[in-house]
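*Asks:* Model the placement of chain B on the given structure of chain A, informed by the hints.
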Amino acid sequence: MYKTIIPVLILIFLFGCGQSNQPKSQPEEAESKIIDSLISSRIVNFENSLFSIPSPHQITMTLKQQNIEYNPSYLNPTSNTLNYTNSYKKALNMGVYGADLGYLNTYDKTQEAITYFSVIKTLSQELGIINSLKKDTFERIEKNLSNQDSLLHLLSNSYQDIDIFLKSNDQGHIGALILAGGWIESMYLLSRFSENKNQELISLLGENKNPLENLIKIISLYTENNRIYQVLLEKLIALEMIYQNIEITYTYNKTEVNPEQKFTKVYSNTNITISDDVLKELIEEIKALRQFIIS
Amino acid sequence: MRVLITILFILTFGIVNAQVEQVDSKVRDYLDNTYISDGQIYRVMLNHEEEGEFDVTFFAGTQYRLALSSTLAQSNLVYTVYDSERNILFCNQDFDNTPYWDLIFTSTINCKIQVKIYDKQKRSGIAVMMIGYKQS
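Respectively, the protein sequence lines represent chains A and B.
The first sequence begins at 1 in my numbering and counts up one residue at a time.
The second sequence begins at 296 in my numbering and counts up one residue at a time.
Here chain A stands alone, though its shape is the one from the complex:
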């Protein structure tokens, strides 16, 4: 046994620490192949492009900034969890409840947040991703439900851990659904509150054209031989078609750089114009898409 392991360990040591100028040796080539196999299972990679979906909290943060009154009737009732019997629905609605939890947290609704949090915990158990989280994560989240800032950090770090876990375990498709559910729910909340003609919210709705396109690219990676991804993709594309009618103009302006404080201020400007008809269409389509997910 030792006769086998010791040379292996020596080999590992030799190329595990390989930072020399020597030409590429066989072990290095082997390492390169192993990295490739590791990577192919770990990242959502589409011709070396990756797509970002904004955190749902960024949207609920804007609702609070705009002094929009709290309205719990827009949230997905926790009783609906009984309807989610397959992993796709569970994943999509884990994203939905995550966005709702962000909304409740933004409006300091601790009691309601506890209920939504326990639903997320149950869904993560049922999806088998609870082990991706550190042992004390749920305990820490429970303790910080009334502390908005700490809770946000804990939740976003948990989503990162889940993201890594799913990609590492070849379950990026589940991660994609959690992302989709979160984005759709935040868009639903935004669209419902936009009905009151708040221009800031309407612009934010229009500004999500690019994140929608990114989401379409992510979901399209998993459509092969899977009906639920195909249907979801079709619905996202239908929404994107409405987005095509939004007028978006962009003007580049010079940036201001502060090297001491390591920041750049960007003054470029995007202008969004949405007609009343397009807005109405957009709101209806988002409503239907969200209904498809939560039903």
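Simulated from the structure, these hints should not be mistaken for laboratory data.
Heads up, none of these hints are tricks.
The calculated lysine-lysine pairs, modelled on DSS-like cross-linking and capped at a C-alpha distance of 25 Å, are:
#, chain 1, residue 1, chain 2, residue 2
1, B, Lys407, A, Lys265
2, A, Lys262, B, Lys411
3, A, Lys135, A, Lys167
4, A, Lys109, B, Lys429
5, A, Lys265, B, Lys429
Away from chain A, derived, C-beta distances all over 10 Å, residues of chain B:
#, residue
6, Gln317
7, Glu344
8, Gln369
9, Ser370
The C-beta atom is built at its ideal place from N, Cα and C for all residues, glycine as well.
*Replies:* Same frame as chain A, but now just chain B:
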């Protein structure tokens, strides 16, 4: 022989995996506690001088922190933020290849973050990016 290859594969896989996790942890530290992560970790495998691109929408009134590192030395990693018209908004090469930088947006903008790895030995590396945000 097959046993040897299997053990070699498993151990090497573990080493590379641990290396990537170390980079994840380092990048997470760059966000520090003042920035909330967007909940995603972006990883891309790059060969020498190969480009990786990240499509990102930055929202108005928000301050973002971009944090990037790789499995190779920090000096090997170059990242550039472009707007939709390919104007350069920021490049870390102008600031000693800094691993993190803050960006403040007065209007919502769609950007591309291009990442490159330059290595004299032409090695491949894994670039890791995280995006943190807070109200500005």
